[in-house]
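All chains, please: the whole structure from these sequences, using the hints.
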Amino acid sequence: MWNSLPGFGTGVLYAVLVAAAYTFAVAVAAGRGQPRLLESARRGAYATAALVALGVAILAYAFVTHDFRVRYVTHYSDRSMPTSYLLTSLWGGQDGSLLWWSFLLSCYTTACVFWLKGKYRQLQPYVIATLMVIMGFFAILMLFAANPFEANVSGARLDGEGLNPLLQNYWMVIHPPSLYTGFVGCSVPFSFAVAALVTGRLDNEWIVAVRKWMLFAWMFLSIGNVLGMAWAYEELGWGGYWAWDPVENAACLPWFAASAYVHSTMIQERRGMLKIWNVVLITITFLLTIFGTFLTRAGLISSVHAFAQSDIGIFFLWFMALIAATSVGLIVWRLPQLRSRGQIEAVLSREAAFVVNNWLLMGIASFILVATIFPRISEWLWKETITVGPPFFNRWIAPLGLMLLFLMGLGPLFGWRKTSGVSLRRAAAFPASIAAVVAVLHLSFGRKLGFPAFVPEDAFYPGIAGILLQKIGSAAPLATITLVAFNFAVVAQEFFRGTSARRKKYGDEGVFTALLHTVEKSRRRYGGYIVHLGVGLMFMGFCGRAWEIEHEATLSPGQVHVIGEYTLTYRGPRMEVDPAKRMIFADLDVERNGQSLGRVSPARFIYTKGSQPTTEIGLLRGFRDDLYMVVGNMDPQTKKATLRFHVNPLVSWVWMGVLVLLSGAGVSLWPEVKLREVGVWGVVRASVGAATSVMFAIMLSASSARATTGQERAPSTRPSFGGTDPRPLDFTPLAALGVGAAVAGTSLFRRRTPRPR
Amino acid sequence: MIDSRRLLTLAPAWGVPLVVATALVVGAFSGLAPALLTLASGALLGAVTLLWSSLGRLTGESPLTLEEAVGLGAPSPEEERKRSILRALKDLEYERSVGKISEEDFAELSVRYRAEAKELLRALEQELAPRRREAEARLALRLKKDASSGGKKKSRRSKEGTKTRPEGKRANVSAAAEDSMDGKADAETTDADADAPPAASSADAPRPTCPSCDTPNDADARFCKRCGATLGAPATEAK
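Residue numbers (my numbering), protein chains in the order written: chain A, 1 to 757; chain B, 1 to 239.
Please keep in mind that the hints were generated in silico from the structure rather than gathered at the bench.
Computed from a predicted model, the values in this text were never measured in an experiment.
It cannot be assumed that every hint is accurate.
Claimed, not checked - The list that follows gives simulated cross-link-like pairs (lysine-lysine, DSSO-like), each with its CA atoms no further than 27 Å apart: (1) K118(B) - K521(A); (2) K118(B) - K119(A); (3) K119(A) - K90(B); (4) K90(B) - K521(A); (5) K505(A) - K90(B).
In structure tokens, the structure reads:
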């Protein structure tokens, strides 16, 4: 092995392909009348997963031992990198990221096969077979297009080229793995959908099986996308967190489809309806994950995220075509069984609301998809490349987002089958009143507080469409805050009604006990409501962009600049050096309303290894707004610095909203059956809870600590909300840990209830 | 003597923690690279073992284990349909308690779901009864054969730790059969109905109380919905 590690690694990839093919064949045989072969297929799946793990371990070994015989190791590491970044380089490049994808798929396959055990024995063979097809595709991809074990043509080099300095940070450790966990997780529900179509068992069996897998994948899609947002906010230095970059768009598309699915599935469970919708949504979700990967690698659209252009795209195209053709064929074949027994009886019903929800979410996803690939479409149609940028997306997404926010609040008010006008008015009375009060308060006091209800926007288009978009954009802040209040009131009402109903039945329960039991009895419902709360908070954070302030100034040492409520005094440049880079800081003292908030030091890092300099932002977070600073040029003679300042209102609510969203997902993931039957889920949930909370605690703690960069720590970096407040964001990591510990503890130590005999 | 078949069966369970623990120990003493090699070795060994085991089952060399045999009785579509109806009933109770569904709609849906659930339970019972009888008859025959084959074989089976004590085995089979076929349904029924008020259609009929656990049950119930005890003469069937 030591003389031919590249060869051995490639051999392992061939073994993965062979094992996947073998397992596929055995699984299909097991499904076609030889059930005893199922155990054989299960072990084959485990073996395939073990081979992928072997490949990852070998590649990791090559990185750690600086084995520069391997081309991938040479490209993405060097001898000066610390071990953590060496291991991070596993997914730093295209080839390794494909192996990492396969590894995550093998983890999911192992977990799924283990969980299946004696369950869903009719579906199991085809679930395993589908997972092996996906595994086989990635093995083929690695073997014939992007082999992470390919040897250097020129032999072993003395040192490698190193990982891009932009990627040498803790975000690279957590963002790609979590996003990939979400992407790859969609393979399991898709496999169940294929199995249900093949076997014809299209009632609720597969829907129930898939429920928590899809929710788990959706949760990690949320985490992965938000970590990407946080990374962009803290590293790219343009002042925002979402630039509608093609790869960002491709990453959020499966989230929309998965969100539509997790709602739509409830209709099938309750009424046996929307079966076609559900299989289509799961197929689209999976296809979009493959499409997202394709977009990142094929060079179809230029992007800051894109891997180097390669000929790997054709493999993805063929695979997507295979998936689409197989899925469409199966759906058409099973159409008679997929047609629902019931029908929507009234427009004012939960079923109708969910159908509208499906259309809206898929509509948003379609809009983003078409706009993302529009350069290629325009090139094909008009022989001219037309790119659509952030202003286009921001204008059009506002009305779509408002519709979604409205529907999110209205949906829970509907009952099944039909809701009379009277009962809808009764249900909506309280939330509508709260929304109206909030709207009036916003109109009356918004401007005084610095958050005016209307923010004029320029017309983006000529004509009626342009005028309409302009008006909606101008009113978006008021509409968003009003609808967020509406949503909060709806959720509070639902909790209140559920708790009251429980206390009516069990008069001896206190409020808190009744609330706990109410949530425990209907975890999915109340977990969903908590998710809605989180989404509402995120919308609040998004709407803060309407009030952002941006300045650019060139300052000499001692010069003062005022932006919003902040007064900044530039003290001068400061340089520090380490083995990898030279760091030039611009020190600024920050005051707000006369009160010192400490020193912030945005910087430029100039790396020894010759890549272009990077900007390191200076950031002061707060509940009300963030003060965000970027330094451009600094003149060594005059010590003048060109600085860009942003005041970003309400950004922190995006991150708070995500924490709440994840808490809701965690509540929904709790089991509704006895722990004995879902032991593995207890461990998985505990792990998810702990991992999520630790990850967010690290992210948020490190983000809080980045209020000043460099070695000098500001004497006080209190957030800007209120002069005497403690540092509320310092509690956020503890809160995240607390949530994770609660989920972990409850999962592991849930009391077993003896089964009745 | 170690049973290689049992070893292969248990390998996935103990192999991963053992390899990880060994890698951690090696890593603590020798560094990350040897730890990764340990993991790689464990993965390779695991892959070979699992493939060998898989091929063994493919060629029929490995006998069917009890768990596999029980698991072959896959839940039927009727079983799954019954579970979904029980879940729907639970949701219906909630919707009614918070006022999202009218009494009229609740009564209609509740009766419809309960009637369908009863039909499914009846059908499942009818389908499973002869198979259960056959399974118990085969087990009795096998136990008789084992008992008559002598002390030596009995002690060897005890050492191997397979289906040893006849009473325990009988109980395990019954319990396992119930687990896979009915036990989950009972638990689901308990979960779904434990807090449910009686159906509107039987609201006027007297509700029997369980002699074991004092739980009020539906008028037409024959078995307690919480503990499964027999309630005595069935009440009038609801429409």
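Status of each hint after checking the structure:
Between K118(B) and K521(A) the CA atoms are separated by roughly 24 Å; this keeps the pair inside 27 Å, and the hint holds. In summary, the hint linking K118(B) to K119(A) is supported, as the alpha carbons are separated by about 23 Å, within the 27 Å threshold. A threshold of 27 Å between alpha carbons decides the hint, and for K119(A) with K90(B) the separation of about 23 Å falls inside it, so the pair holds. With a C-alpha separation of about 9 Å, the suggested pair K90(B) and K521(A) falls inside the 27 Å cut-off, and the hint holds.
Between K505(A) and K90(B), the direct Cα distance comes to roughly 15 Å. Compliance with the 27 Å bound is thereby established for this hinted pair.
When each numbered hint is compared with the structure, no violation occurs for any of them.
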